[in-house]
Structures are given as structure tokens and as C-alpha cells.
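Undergrad: Using the sequences plus the hints, can you model the full thing?
Letter by letter, the chains look like this.
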Amino acid sequence: MRSVIFRAVAPFLTSLMVLFSIFVLLRGHNEPGGGFIGGLIAVSALAIYGIACGVETVRRAIYFHPMAIAGAGLFAATIAGLISIAARVPFMTGLWIYPSLLGVEVPLSTVTLFDCGVYLVVVGAISSIALSLEERGGE
Amino acid sequence: MAVSTSPPADLSAALVLEPVAAADWLVILPVAWCLAIGALLVMLRRPIGLHPFIAIAGLAGLVVIDGLLLHHVIASGPVTMVMGRWLPPFGIAFTVDLTGALFALTASVVALAGGVYSLSDINDSGRRYGFYPFLMLLMAGVSGAFLTGDIFNLYVWFEVLLISSFGLIVLGSEREQIDGAVKYGFLNLVATTLFLVTTGYLYASFGTLNMADIARKAEGLRGTAPLMTLTALFLLAFGMKAAAFPVNFWLPASYHTPRVVVSALFAGLLTKVGIYALIRVTVMLLPVEREELSFVIAVIGALTMLVGVFGALAQADFRRMLGYLVISGIGSILAGVAVGGPGGIGGAIFYALHSMLVMTALYFASGVAAKLGGSFSLSSLSGLYRRHAGFAAISLMLAFAVSGLPPFSGFWPKVMLVKAALDIGAWWLAATLLVTGFLTTIATGRFFLLAYWRDTAGGQGATDKAQIPATILLPLGVLTLLTLAIGLYPEPLLATIQSAAAGLSEPSGYLNSVFPGAAR
Chain G
1 MRSVIFRAVA
11 PFLTSLMVLF
21 SIFVLLRGHN
31 EPGGGFIGGL
41 IAVSALAIYG
51 IACGVETVRR
61 AIYFHPMAIA
71 GAGLFAATIA
81 GLISIAARVP
91 FMTGLWIYPS
101 LLGVEVPLST
111 VTLFDCGVYL
121 VVVGAISSIA
131 LSLEERGGE
Chain F
1 MAVSTSPPAD
11 LSAALVLEPV
21 AAADWLVILP
31 VAWCLAIGAL
41 LVMLRRPIGL
51 HPFIAIAGLA
61 GLVVIDGLLL
71 HHVIASGPVT
81 MVMGRWLPPF
91 GIAFTVDLTG
101 ALFALTASVV
111 ALAGGVYSLS
121 DINDSGRRYG
131 FYPFLMLLMA
141 GVSGAFLTGD
151 IFNLYVWFEV
161 LLISSFGLIV
171 LGSEREQIDG
181 AVKYGFLNLV
191 ATTLFLVTTG
201 YLYASFGTLN
211 MADIARKAEG
221 LRGTAPLMTL
231 TALFLLAFGM
241 KAAAFPVNFW
251 LPASYHTPRV
261 VVSALFAGLL
271 TKVGIYALIR
281 VTVMLLPVER
291 EELSFVIAVI
301 GALTMLVGVF
311 GALAQADFRR
321 MLGYLVISGI
331 GSILAGVAVG
341 GPGGIGGAIF
351 YALHSMLVMT
361 ALYFASGVAA
371 KLGGSFSLSS
381 LSGLYRRHAG
391 FAAISLMLAF
401 AVSGLPPFSG
411 FWPKVMLVKA
421 ALDIGAWWLA
431 ATLLVTGFLT
441 TIATGRFFLL
451 AYWRDTAGGQ
461 GATDKAQIPA
471 TILLPLGVLT
481 LLTLAIGLYP
491 EPLLATIQSA
501 AAGLSEPSGY
511 LNSVFPGAAR
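The listed protein sequences correspond, in order, to chains G and F.
Residue numbering for the first sequence follows my numbering, starting at 1 and increasing by one per position.
Residue numbering for the second sequence follows my numbering, starting at 1 and increasing by one per position.
In case anyone wonders, no lab produced these hints; they're calculated from the structure.
Hints may be right or wrong, so weigh each one.
Far from chain G, some chain F residues (derived; all Cβ distances over 10 Å) [as the list claims (entries may be wrong)]:
{"id": "1", "residue": "A36"}
{"id": "2", "residue": "A39"}
{"id": "3", "residue": "L162"}
{"id": "4", "residue": "E176"}
{"id": "5", "residue": "D179"}
{"id": "6", "residue": "L196"}
{"id": "7", "residue": "L396"}
{"id": "8", "residue": "F438"}
{"id": "9", "residue": "L439"}
{"id": "10", "residue": "R446"}
{"id": "11", "residue": "I468"}
{"id": "12", "residue": "L473"}
{"id": "13", "residue": "T496"}
Not the full set, but computed from the structure, chain F residues with beta-carbon under 8 Å of chain G [to be verified]:
{"id": "14", "residue": "A13"}
{"id": "15", "residue": "V16"}
{"id": "16", "residue": "P19"}
{"id": "17", "residue": "W25"}
{"id": "18", "residue": "I28"}
{"id": "19", "residue": "L40"}
{"id": "20", "residue": "M43"}
{"id": "21", "residue": "I48"}
{"id": "22", "residue": "R85"}
{"id": "23", "residue": "L87"}
{"id": "24", "residue": "L187"}
{"id": "25", "residue": "V190"}
{"id": "26", "residue": "L194"}
{"id": "27", "residue": "R222"}
{"id": "28", "residue": "P469"}
Idealized CB from N, CA, C, for every residue including glycine.
TA: Below is the structure:
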């Protein structure tokens with residue numbers, strides 16, 4: 001889009017939205033949010049960036065191909081389920097560890113890993129669709 | 001937030017607390033394995049040259065896992081694992097009995113054969129399009145459908161395999177393929193939606209989705225819940241998936257359009273998932289209703305057989321004819337479901353396993369024939385026997401197998417089905433089975449006569465000896481040898497199938513595996 005205001009604002013808007021999407025992803029364990037909705041917010045960020053600065057710029061900015069991102073997400077989600085094999089509990093059981101980072105207890109779990117996988121699958125799959133639609137609609 | 005200092009609660013009422021034996025992981029491993037490898041292949045976009053090798057190694061691993069799973073189930077009865085250690089019926093259960101394990105193993109063998117065949121059928125653009133990731137995700141869906149013990153989860157796996165199959169059927173994006181894919185996709189979506197609606201209806205009546213729980217509660221609900229309606233709706237939904245008459249028309253309209261290996265995998269796997277779900281639901285969950293509907297199922301089965309075989313007689317295209325033979329096989333399986341009892345159900349399971357192997361091999365053979373003769377059409381296909389006698393021999397064996405002639409794998413299930421039908425006095429059903437076998441022999445014989453024995457019209461140059469690459473000959477030969485081996489030495493498989501059928505009609509082992517100590 002040719003609007004100077006939009007092109008000037010889009011990078012900031014995009015980075016804010018991506019940041020917010022990660023916040024939504026992480027708060028999703030006990031409160032409204034999670035991987036799916038977080039992923040959708042991240043995709044809308046990428047879509048805005050694409051409308052403002054062109055699809056090529058977005059593709060360069062995310063570095064990996066969107067489908068590869070989706071694949072990584074699916075892989076992470078599967079691994080999150082398979083970790084429980086080591087703890088001798090059934091597939092997909094939520095397992096927690098509480099490491100201390102700089103004096104703060106950080107609860108980490110396979111559930112979070114699974115949710116991050118969902119996030120990546122949504123980001124990859126939907127942005128793949130959105131970017132190819134923008135590519136064809138643009139000219 | 002879950003905090004490390006939360007007070008202890010009594011978890012034994014909600015969670016599985018005893019440690020899970022490593023062998024029980026075999027229940028979920030086929031699905032997780034396929035998903036992980038499929039995801040890995042999606043990630044590896046650049047080195048597409050590696051795709052086939054990773055996928056074939058993955059499928060070989062799947063065969064090993066499914067083999068171990070079958071061995072485990074034979075040794076210690078049905079096995080259950082609940083997701084996230086929540087107790088059934090709330091946790092989603094994966095429960096594997098002999099039927100599920102047999103189907104899963106056969107499916108993985110077929111997929112491995114398809115993986116090897118694809119080396120010479122899928123070119124670089126097909127690989128870039130994602131044939132191998134789709135194949136692995138398809139197998140995740142198929143394995144999940146065979147192994148799950150939860151009816152909504154079954155629906156989810158149907159969706160997984162349906163989405164992967166959409167990807168496979170349009171591989172190449174030719175006009176004809178899109179046409180086939182639209183017909184295939186639309187009718188399968190209708191069937192899946194019907195399945196979902198029926199599952200919602202079932203949940204409203206039963207308040208549970210766990211198959212063992214449904215089987216347990218059906219007896220008490222028979223007076224009040226609309227079980228007959230449910231069974232009829234499931235019959236329609238799964239019948240559409242399995243391409244039973246009168247909802248069979250999508251199959252011949254779409255199966256001849258994609259790549260040969262894709263049609264082969266579809267013929268071997270997809271309709272059989274539908275028929276497996278039909279057997280599971282009608283025989284195990286709602287047996288009384290199956291008995292009530294048995295005449296309807298028998299008529300549908302007989303008509304499916306006849307429509308299939310007459311369609312096959314009328315076709316002049318190799319792959320279209322095979323599509324009709326797939327339908328005719330579905331009819332035979334339905335006849336077994338209608339007859340019921342150990343003989344009928346056992347015959348149905350045996351026929352389904354045989355059909356998975358033979359139909360895949362026949363589609364491979366059609367691909368080879370097209371490669372040698374340059375066409376799928378009967379009007380121009382000729383002189384194949386002169387070109388490659390070994391291939392002609394393999395094709396003849398497969399034709400015998402699909403017609404149900406000894407000594408191949410099609411013979412024994414036919415015998416079981418005919419005997420079971422005669423035992424309950426359904427002579428007309430037995431007669432239909434035999435007539436269908438006879439007509440199948442004529443249909444395949446006609447093909448053999450024209451495509452293999454007829455001399456090529458134009459000159460001597462067209463009758464040169466031809467070579468078939470090993471990547472094609474190997475899967476074709478192995479599948480043919482398997483049907484021959486099953487035909488010559490059926491006892492071990494027959495015994496396993498008979499106890500699988502017994503486990504379906506008397507599912508106390510299945511129930512005990514999900515709810516220990518619950519069944520009679």
C-alpha cells in the first residue's frame with residue numbers, strides 16, 4: 001500500500017503484535033489465550049507487514065518458509081507428547097520442571113512445549129495461506 | 001499457574017498412577033512415529049532428494065512397530081493407553097485389539113510397498129509438492145483410525161487422513177485430477193459430516209464417546225435411546241466412505257486420475273478404513289441393531305458386489321476397471337458383516353486384509369502396464385506378454401487372487417463367507433458371492449486376453465523385450481508373494497483372524513482392557 005503513514009507505522013505495529021501474541025501464548029495455560037489464538041495474532045501481524053511493505057519483505061523477515069515453521073510446530077507438539085515415555089507415564093501427560101532462573105522460579109512443562117507447537121503450526125499454516133493470497137491479490 | 005508447592009490431592013480417582021510398561025507404548029507409537037517423521041519432512045524443504053529415503057525408512061520402521069504391536073496383542077490381549085493419564089472414559093483411549101492390530105500391520109505393509117514404488121513414479125516436482133510428507137501424515141491418520149478406542153477420536157483421524165488424501169489426489173494439478181479431486185472431496189466431506197452429526201447424536205444418547213463405554217452401556221439404553229437410527233446413520237456414513245452401493249459413484253470417478261502410486265494407496269487404505277469403522281461400530285458397539293439391519297446390509301452388499309463387477313466388465317480403462325473391483329470387494333466384506341457370527345465377521349476381516357494387499361498390487365500392475373504399453377486404455381494396450389513374461393505371470397496371479405481362485409489369498413475369505421452365508425440359509429447371498437467371483441474372473445480374463453495376449457497391431461518394433469526397474473518389481477513382487485503365501489499357508493493368519501472376530505462379537509477382553517474388572 002502506498003500510504004506513507006501506514007508504511008512508517010507498520011513495522012512498529014507488527015513488532016508490538018508479535019510481542020503481544022507471545023504474551024497471549026504464555027498466559028494461555030490458566031487464563032484465556034494459548035497457542036491457537038496467539039498464532040492468529042502473530043499471523044495478522046505478518047499480514048499487516050505484508051500489506052504495508054510487500055510479501056517479499058515478510059518472507060525475508062521470517063527467514064524460514066512458512067510451511068517449515070508449521071512442520072517445526074508439529075514436530076515440537078509430537079515431541080512434547082513423547083517426552084512422557086521417559087517418565088513412564090502415558091502419552092501426552094503434562095510434566096513440569098521448576099528451574100530457577102536468576103532467582104526466579106520458572107515453571108516449564110511439556111504442555112507449554114505443546115502449546116508452542118500449536119502456535120508455530122498456526123503461524124506457519126495461516127501465514128502461508130495469507131502470504132500467497134497477498135502475492136496474487138497485489139498485482 | 002501450577003506451583004510446585006500445591007497441596008497433595010487424591011489423584012487415583014482421576015489419573016492412571018501405575019507406571020506404564022514400555023511395551024504399552026506400542027499402542028500410540030505408530031501414530032506418533034508417522035506424525036514426527038511427517039513433520040520432519042515438512043521442515044526439510046530444501047533437500048528433497050532425501051525425502052524418499054527418510055520416508056521409506058520411516059515406513060519400514062512403521063512395519064516393525066506394527067508387527068511388534070500385533071505380537072504384543074496376540075501375547076497379552078487388547079492393550080489400552082489413555083492420553084494424558086486421565087482415566088477412561090474421560091481420557092481419550094487408544095485401545096488395540098487383534099482386529100485393529102491386523103489392519104494396522106497390513107496398512108503399513110501396503111504403505112511401505114507404495115513408498116518403494118513411488119521412487120520411480122514420483123518425480124522431483126511431486127516431491128517438491130510434498131508427496132512424502134503427505135504420505136506419512138496419511139499413515140498417521142490411517143494408523144490412528146485403526147488403533148483408537150474413542151469414536152470422536154476416530155472422526156479426528158478420518159479428518160487427518162482425508163486432508164492428506166486431498167493433498168495426494170491433486171499432486172500434479174492437472175485438469176483431470178482437479179475434476180476427480182472435487183468429486184472425491186465433496187462426497188467424502190458429506191460422509192465425514194454425516195459421521196460427525198451421528199457422533200453428536202450418539203453422545204447425546206450415551207453421554208460418552210469411549211467405545212468400550214458405549215459397548216457397555218448399549219444394553220441398558222436399548223429401550224430408550226434411538227440406537228436403530230444411530231446404526232442406520234453410521235451405516236450410511238461409513239458406507240459412503242467405503243464406496244458401498246448406492247453411494248459408490250465417487251470412487252470410479254476419482255481413483256483413475258492421480259499418480260498410480262496414489263491410486264494404489266487409496267485403493268488399499270481408504271475404503272478399508274471405512275469398512276473397518278463399519279465393522280467396529282456395528283459388530284462391537286451395536287450388535288443387536290446389526291442383527292436387525294442384517295437383511296438391509298446383505299442386500300446392500302449383494303448390490304455392491306454386482307454393481308462393482310458389472311462396472312468392471314464394462315470398463316475399457318485399466319484403472320477404472322480396478323476401481324470397480326475395489327467396490328465389488330467392499331460388497332463381499334459387507335456380505336460378511338451382514339451374515340455375522342465368527343464365520344461372517346472373520347471372513348469380512350480376512351477379505352478386507354486380502355483386498356488391501358491385492359488391490360494395491362493390481363494398481364501397481366496397471367502402472368507397469370501403462371509404462372510398457374503406453375496407455376491405460378484397453379483399445380491400445382496390447383502385447384504385454386511378449387514384452388515381459390514375468391510381469392504377465394505376476395498379473396495373472398493377481399487376477400486369480402482378486403477373483404478368489406486358489407491358491408491365492410482371495411480364496412479362503414470367499415470360502416468362509418460362502419460357508420457362513422449357507423449356514424444361516426442365505427443361499428442367495430452365497431450365490432451372489434460365487435457369481436461375483438465368476439464374473440470377476442471374466443472381467444480380469446478379458447483384460448488379460450486383450451492387453452497381454454493380443455499382438456500389437458503396428459509392426460515388430462513394439463514387441464521388443466522391456467525392462468522393469470527394480471523399484472517397481474520389488475513391491476509388486478513382494479505383495480504378490482504375500483498373497484500367494486497367505487493362499488498356500490493360511491492357518492496362522494486364519495487362527496488370528498478367528499480370534500479377532502471372536503474378540504469383536506464378544507468384546508469382554510476389550511472392555512477389561514479399558515475398564516479393568518468391569519466386564520462380565
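Undergrad: Against the structure, test the hints numbered earlier, and report the numbers of the ones violated in rising order.
TA: 1, 2, 14, 21, 23, 24, 25, 26, 27 and 28
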